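Undergrad: Chains as they are written, first to last, in this note's numbering: chain E, 10 to 354; chain S, 10 to 354.
What the hints contain is simulated information worked out from the structure, not anything from laboratory work.
Note that the structure is a prediction, hence the values are computed from the model and not measured.
Any given hint could turn out to be false.
Stated by the list, open to error - BS3-like cross-link-like pairs, simulated, lysine-lysine; straight-line CA separation at most 30 angstroms: (1) 344/E to 232/S; (2) 232/E to 152/S; (3) 232/E to 232/S; (4) 255/E to 232/E; (5) 344/E to 132/E; (6) 132/E to 152/E; (7) 228/E to 314/E; (8) 228/E to 255/E; (9) 232/S to 228/E; (10) 232/E to 255/S; (11) 314/E to 232/E; (12) 228/S to 228/E; (13) 344/S to 228/S.
2 protein chains.
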Amino acid sequence: MSDTPVNPLPSRIPLIQAPMAGVQDWQLAAAVSSAGALGSIPCGMLSAAQVEAEVRAYRAACDKPLNLNFFCHPMPTPSADIMERWQTRLAGYYDEAGIQPSQGGALRMPYDADMAAVVEPLKPDVVSFHFGLPDAALVEGLKRNNTLIISTATTLEEGLWLQHNGADMVIAQGYEAGGHRGMFLTRDLATQSGTLALVSLLVSQLSIPVIAAGGIGSKEDIKAALNMGAAAVQLGTTYLLCDEAKTSALHRQQLTDLHATTALTNVFSGRPARGIRNRLMTELGDICADVAPFPFASAAVTPLKQAAEAQGRTDFSSLWSGQNRRGCQAINAAKLTQALWPDNQ
Amino acid sequence: MSDTPVNPLPSRIPLIQAPMAGVQDWQLAAAVSSAGALGSIPCGMLSAAQVEAEVRAYRAACDKPLNLNFFCHPMPTPSADIMERWQTRLAGYYDEAGIQPSQGGALRMPYDADMAAVVEPLKPDVVSFHFGLPDAALVEGLKRNNTLIISTATTLEEGLWLQHNGADMVIAQGYEAGGHRGMFLTRDLATQSGTLALVSLLVSQLSIPVIAAGGIGSKEDIKAALNMGAAAVQLGTTYLLCDEAKTSALHRQQLTDLHATTALTNVFSGRPARGIRNRLMTELGDICADVAPFPFASAAVTPLKQAAEAQGRTDFSSLWSGQNRRGCQAINAAKLTQALWPDNQ
């Protein structure tokens, strides 16, 4: 397609603040939206009641459009053996920490009919999905209220699949991106493509608009992605030091190191995600065959993380980060958004 | 650095045809240069006499500037055990092919004093290196003749090292790029960054000009890379179908498939390089611990490759390719260069 399709985003600026579960809530979203970009609330670890409360808080603070983000993975039913193998793999760490093996933290749950019953009446302007799309009926339910549907592609196949199955826009999530890979038609990490190549390929092969994501850290990078034919951009890592983000002090400290190596790892959740390499990744290997399937792996890591963080260590923390941290600034998110998208852009 | 440093390339157009050993010679370089970009001759698998002959042939055909490309890896001295382990790993394939284990093909050799004695008097306009830089005396020898020195960085550390050690420009070789990773300060593949993130980081942290490479497949992609602050771009894969390339018919066929998966693999040479996945990669694993060290691994694979290709199979062929093949066209390279850089750009 030689012409860039029209950008259907409701925000004044075609820039989406990437939803980042665990490190932000409505406050970051509202700050970004107030500057004209599109704020996102990560809902994958929230109950329906929590989602409703977040949307209310956002709307009380801000009259701008809003993106709600959900996961839509199939839930596996791992055998006791598989779960025990993971617990066994972590047993030495529990001993070292002097705590009993346990399960903690919220599980990442997929968007389902119960969630839809709460979300649809909220009429969010945009809903973005990770790991594909939910059942067609759930997509239709959102579309009836004119909610714009976005999902993530990490390969050409996934982009074509999303276009065929009702997505209004596709996020081209390049290899550089922090957090979970949105891959859903393959488990082969070799298929994962750098942002530049993926955006180039998707804008040339899809008819729906493409959002560039992964490694974008400056206003020049944004201009570049739009010049490649992307209709919009999505930035996550760059917002992680902002005042309104809930990023921990320990996580913030590591994000300021431009040299720190990130890797794709499955040890925190069961699915590959990009974070700054730490002890758990180094010792188990970035990709560990014994990990419990997504989303169940995290529950056994959370108590270790909490114990280590209480002592000022990030040995077991998921330090999500993309490959480009040059744009991270400890300022408010509205100001950062204005710097990323000056009005003369 | 907020301003893009001045581009010192001698060509009219700041576009370098990436040197691609094994699939091109002076003819591709001359065709690209005739259209105003900078043609490159890959010299890493040539003798000094062959380099001299290539340069003569190029200069007889073309009065434009020229880039000569060399490897500059330290040569290892692998034990007999290590070499035997690799031969053993391949033994079943020799049996299957009904041929005797043997060694074939040219070894990739580093730039050294003997090569310099031939190259310096040729006064190439540009010399680019892969895997770091040769000894300072060899770099100085080229600089005395005003040869521009370029080398490849795959991380921020490598970019800073090259700037400190005398490179005039740095190629930011992103994860998307086909062929050998230029990495030389690390063996950790997790450090390898997508082109967008790497260019963004290097232009912000280096004072010498940066050349963007990896995944660039269209004039829009080129404009984007320059908008990010790159002083120039380097494209390889996009030229692989050109009339003047020596790409085999079997390789060409696979390059036309936009869906084919590429991976970083060490099984063809001993160092990681990106190519379209084939039988050898699948069966040994993309990254194989038993491989002989670079550059010695290739000699034992070459006879298998030749036997299979004679039967129309690419089971043992290094099908080098970047992650973005959308721009590949079976036309002459001058025409392709003009399409990539229209005069109104």
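Undergrad: Compare the distance between the alpha carbons of residue 132/E and residue 152/E with 30 angstroms, and conclude whether the hinted pair is satisfied.
TA: holds, 9 angstroms
Undergrad: Tell me if the straight-line CA distance from residue 228/E to residue 255/E falls inside 30 angstroms.
TA: holds, 24 angstroms
Undergrad: Take a quick look at whether residue 314/E and residue 232/E sit within 30 angstroms of each other, Cα to Cα.
TA: Between residue 314/E and residue 232/E the Cα gap is close to 39 angstroms, so the pair fails against 30 angstroms, i.e. violated.
Undergrad: Residue 228/S and residue 228/E were given as a pair; does the straight-line alpha-carbon distance stay at or below 30 angstroms?
TA: Given that 30 angstroms is the threshold and the Cα spacing comes to 20 angstroms, the pair holds.
Undergrad: Taking only the CA atoms, is the gap from residue 344/E to residue 132/E under or equal to 30 angstroms?
TA: holds, 28 angstroms
Undergrad: Please work out if residue 228/E and residue 314/E have their alpha carbons no farther apart than 30 angstroms.
TA: violated, 35 angstroms
Undergrad: Hey, residue 232/E versus residue 232/S, does the alpha-carbon distance stay inside 30 angstroms?
TA: Roughly 10 angstroms between the alpha carbons, so the hint for residue 232/E and residue 232/S holds.
Undergrad: Residue 232/E and residue 152/S were given as a pair; does the straight-line alpha-carbon distance stay at or below 30 angstroms?
TA: violated, 36 angstroms
Undergrad: With the threshold set at 30 angstroms, check whether the alpha-carbon distance from residue 232/E to residue 255/S stays at or below it.
TA: violated, 37 angstroms
Undergrad: Given the hinted pair residue 344/S and residue 228/S, is their alpha-carbon gap at most 30 angstroms?
TA: OK: residue 344/S and residue 228/S at ~13 angstroms, within 30 angstroms.
Undergrad: Need the status of pair residue 344/E, residue 232/S: alpha-carbon distance at most 30 angstroms?
TA: holds, 28 angstroms
Undergrad: Below or equal to 30 angstroms on CA atoms is what counts here, so check residue 232/S against residue 228/E.
TA: Between residue 232/S and residue 228/E the Cα gap is close to 15 angstroms, so the pair holds against 30 angstroms.
The structure shown violates the earlier hints numbered 2, 7, 10, 11.
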